[in-house]
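Add chain B to chain A, keeping to what the hints say.
Chains A and B, in that order, give the protein sequences.
Residue numbering for the first sequence follows the numbering used here, starting at 87 and increasing by one per position.
Residue numbering for the second sequence follows the numbering used here, starting at 181 and increasing by one per position.
By construction, these hints were calculated from the structure, which means they are not laboratory data.
On a predicted model such as this, the values are computed, not experimentally measured, just so you know.
No false leads were slipped in.
DSS-like mimics (lysine-lysine), calculated; alpha carbons at most 27 Å apart, straight line: (1) A:Lys167 / A:Lys143; (2) B:Lys231 / B:Lys251; (3) B:Lys224 / A:Lys167; (4) B:Lys224 / A:Lys154.
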Amino acid sequence: GQNIDQPTEMTATEGAIVQINCTYQTSGFNGLFWYQQHAGEAPTFLSYNVLDGLEEKGRFSSFLSRSKGYSYLLLKELQMKDSASYLCAVGNTDKLIFGTGTRLQVFP
Amino acid sequence: NAGVMQNPRHLVRRRGQEARLRCSPMKGHSHVYWYRQLPEEGLKFMVYLQKENIIDESGMPKERFSAEFPKEGPSILRIQQVVRGDSAAYFCASSPPDRRELFFGEGSRLTVL
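Here chain A stands alone, though its shape is the one from the complex (with noise of 0.2 Å):
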């Protein structure tokens, strides 16, 4: 079966750090990937990783660990416009697979 767990809310204070973590038991895996989307919009492409370990891209890194199923998405000096659902999805053979999001609220 396909299980990707994630938080449904969290919240922060500008400036801060937060971290969004996923769970997943999946039947194959092609990698893990990170959306952001907002309220009405499409969901963007933020990060993917494949192998074990920290992918950083300006305030955002993402972290792999295959063995554990876990990722984490990490959020650095949060800005009011970080405001969004954020959404974990596993590659399986031929699709993504999502879970249903954390809704992250920063406020000033």
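For chain B alone, kept in the frame of chain A given last:
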């Protein structure tokens, strides 16, 4: 390079009518995916197509829903005899041949009255 184009952006139908949603992938992309998103929920995979072929339709409801990606023209998701439960945002995504990353369109929001 234009992104993934979906139309219509908004569509209102009465119960029992048909809905047709169109998607033109990014230039150079030959793989098209359709996802459905209900309010406050995640993206649910529906179908994966290449030109003239349905590769994986494991997420498509067995009845009333169909998808195609003809040799010429956009991919079309067709919903016959719509019901209120079909109200959702339908996102199309395309990917290049290496299929690593999906690029999403802005979505088509279907409302069934």
